[in-house]
Amino acid sequence: MTATESLCPVCLARLPARREAVGEDGWLVRTCPEHGEFRARYWHGPPGPAGWDRPKIAPSGTAAAGTAPGEGCPYVCGLCPEHSQRTCTVVFEVTGRCNLGCPVCFADAGTGFDPDPTLAALETRLIRARRAAGPANIQISGGEPTLRADLPDIVALAKAAGFPFVQLNTNGLALAADPALAGRLAAAGLDSVFLQCDGVTDAAHVALRGRGLVREKRAALDACAAAGLGVVLVATLVPGVNAGEVGDLVRLAASLAPGVRGVHFQPAAHFGRYPGNGDSAPRLTLPEVMAALEAQTGGMVRAEDLHPPCCEHSLCSFSATYRVLPGGRLALAGSGGCCDKTAIPAEEGARQSMAFVARQWGAAKPVPAPEAIKDDFDRFLAAAAATPTLSISAMAFMDAWTLDLERARGCCIHVAVPDGRLIPFCLYNLTAADGAALYRRKSCA
Amino acid sequence: MNDTPIYLPESGDWQCAACGQDLVPAPVGVTYLQGGFTITLMTCPACHLSLVPEFLAVGKMFEVEQLLEDK
Chain V
1 MTATESLCPV
11 CLARLPARRE
21 AVGEDGWLVR
31 TCPEHGEFRA
41 RYWHGPPGPA
51 GWDRPKIAPS
61 GTAAAGTAPG
71 EGCPYVCGLC
81 PEHSQRTCTV
91 VFEVTGRCNL
101 GCPVCFADAG
111 TGFDPDPTLA
121 ALETRLIRAR
131 RAAGPANIQI
141 SGGEPTLRAD
151 LPDIVALAKA
161 AGFPFVQLNT
171 NGLALAADPA
181 LAGRLAAAGL
191 DSVFLQCDGV
201 TDAAHVALRG
211 RGLVREKRAA
221 LDACAAAGLG
231 VVLVATLVPG
241 VNAGEVGDLV
251 RLAASLAPGV
261 RGVHFQPAAH
271 FGRYPGNGDS
281 APRLTLPEVM
291 AALEAQTGGM
301 VRAEDLHPPC
311 CEHSLCSFSA
321 TYRVLPGGRL
331 ALAGSGGCCD
341 KTAIPAEEGA
351 RQSMAFVARQ
361 WGAAKPVPAP
371 EAIKDDFDRF
381 LAAAAATPTL
391 SISAMAFMDA
401 WTLDLERARG
411 CCIHVAVPDG
421 RLIPFCLYNL
431 TAADGAALYR
441 RKSCA
Chain L
1001 MNDTPIYLPE
1011 SGDWQCAACG
1021 QDLVPAPVGV
1031 TYLQGGFTIT
1041 LMTCPACHLS
1051 LVPEFLAVGK
1061 MFEVEQLLED
1071 K
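In the order they appear, the protein sequences are chains V and L. The working numbering applies: residue 1 is where the first sequence begins, and numbers increase by one. The working numbering applies: residue 1001 is where the second sequence begins, and numbers increase by one.
Since the hints were made in silico from the structure, they are not lab data. Keep in mind that a hint or two might mislead.
[Stated by the list, open to error] Pairs of lysine-lysine residues, derived as DSBU-like cross-links and limited to a Cα-Cα distance of at most 35 Å, are as follows:
no.	chain 1	residue 1	chain 2	residue 2
1	V	Lys341	L	Lys1060
2	L	Lys1060	V	Lys374
3	V	Lys159	V	Lys374
[Unchecked claim] From the derived model, a few chain L residues whose C-beta atoms are all more than 10 Å from chain V:
no.	residue
4	Gly1012
5	Ala1017
6	Gly1020
7	Gln1021
8	Val1024
9	Tyr1032
10	Leu1049
11	Gln1066
12	Leu1068
C-beta atoms are modelled at their ideal positions from N, C-alpha and C, and glycine is treated no differently.
So that you can see chain V by itself, here it is in the shape it has in the complex:
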């Protein structure tokens, strides 16, 4: 049992909490004086949470938990002195509009009528975000960013502001409808597309997005490949809906490598817009995704291949990188496997993670011409370039029921909000049982 802090999912009051281990399961438990006890399972199955650890050494000057000013963590984000990890990815929302009306949406997009910020306002915000975050990666998000006709200009401004790796978070509909758009974005400096793709069947898209989208996803993939953009397939996973398609998604990604650079799974969290009741809803935890990967790929991806992150809190994600062999077979790349448990400085973990993301999720390096190979180092690099690689990863977002403030303080994915603050992704999107947001301003009709 370990101690942490959490919130009451009803009133969002901060509460002392504990992580209870029951077999190979992990439960987050706390009691609100007004609303009673809440128990949320955040980990289910092997490997149990106890051994899943890659500790980070917080930067010097990080304040002890409980010392943040005013109301304290998590109410004074921006970031506060208790935060123990720097920004590795700035999430930058450029519109609240959307061309889908998904039943599941962490941003609850498309429900308001706020006008889009002007390009000049975004430029100012990008410069401010870069100053606050340092040399981090950036993900342009929304809403659906491709609804903005000036999206290539926004990409160029992000590059000019000093973000070395620029990624677009999109449903891909505009990329499919206008195949030239991918080329315009690439020319503006876009490196990578985080393409929402919840499965290989129309049924998965109908359930999560409201209509069949397989044909459009494929057209978007083709357009991105033609434009030389790296693509990551991103699936929101819901138990009983599309969790049975993780193996097929891996096979699809492998068949499209090196155009597709990774598959990233996001078990649905209960914030923003989601069906059902957050208290009783089934949650898919990271070890369940690991088990599904192993079972559905016939052991080509093994749970033991997957390791905890070097940047964010250990309980928040897993990943592994594979070489894609002929016939779509996967072979674990590098030394692989879990895991180096030596504590590393948080800053060094962030550096490694940012460099890896830029390298793996951007376009693949071309294979060098034979005449450019001068020595064994060149031969090693050429051999590596000749075999595509594919990353397989997952991130477990926290909602009001699963929120663990130690994890939130170790977060490296920060939303750059309009007033200039950087707020950890889960805290920014967190909503209470009645839908009230901790941070995100609800767009009003």
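Fit chain L to the supplied structure of chain V, relying on the hints for placement.
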């Protein structure tokens, strides 16, 4: 006979700080995971520590190490 690629510092006479001996070219094994190859580096004949020139350390060697780095 040593016919491996030679990576020498761009200038200067180099001595081993620990042993005081002049460095001499010598074959050195470079190992990455299960694979590897041999190169020639300036090496201390006493303690066998080698000098990796800066252009190699921040160039091709860095590129190869980046390939092996995960997140």
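Structure-based check of each hint:
Under the criterion of a C-alpha separation no larger than 35 Å, the hint pairing Lys341 (chain V) with Lys1060 (chain L) is consistent with the structure, at around 28 Å. Under the criterion of a C-alpha separation no larger than 35 Å, the hint pairing Lys1060 (chain L) with Lys374 (chain V) is consistent with the structure, at around 11 Å. Between the alpha carbons of Lys159 (chain V) and Lys374 (chain V) the distance comes to roughly 33 Å, so the proposed pair stays at or under 35 Å and holds. Chain V leaves Gly1012 (chain L) outside its interface by the beta-carbon criterion, the shortest separation being 23 Å against a cut-off of 10 Å.
In this structure Ala1017 (chain L) is separated from chain V by more than 10 Å, as the shortest Cβ-Cβ distance comes to about 26 Å. Interface exclusion of Gly1020 (chain L) from chain V stands, the closest Cβ pair being 31 Å apart, more than 10 Å. For Gln1021 (chain L), the shortest C-beta to C-beta distance to chain V comes to about 27 Å, beyond the 10 Å cut-off, and the non-interface label holds. No beta-carbon of chain V is positioned within 10 Å of the beta-carbon of Val1024 (chain L); the least distance is around 21 Å.
For Tyr1032 (chain L), the shortest C-beta to C-beta distance to chain V comes to about 7 Å, within the 10 Å cut-off, and the non-interface label is violated. Against the 10 Å criterion, Leu1049 (chain L) stays outside the reach of chain V, whose nearest CB is about 20 Å from its own CB. With a closest Cβ-Cβ approach of about 7 Å to chain V, Gln1066 (chain L) is found to fall inside the 10 Å limit, against its non-interface label. At roughly 5 Å, the least C-beta separation between Leu1068 (chain L) and chain V is not larger than 10 Å, which violates its mark as non-interface.
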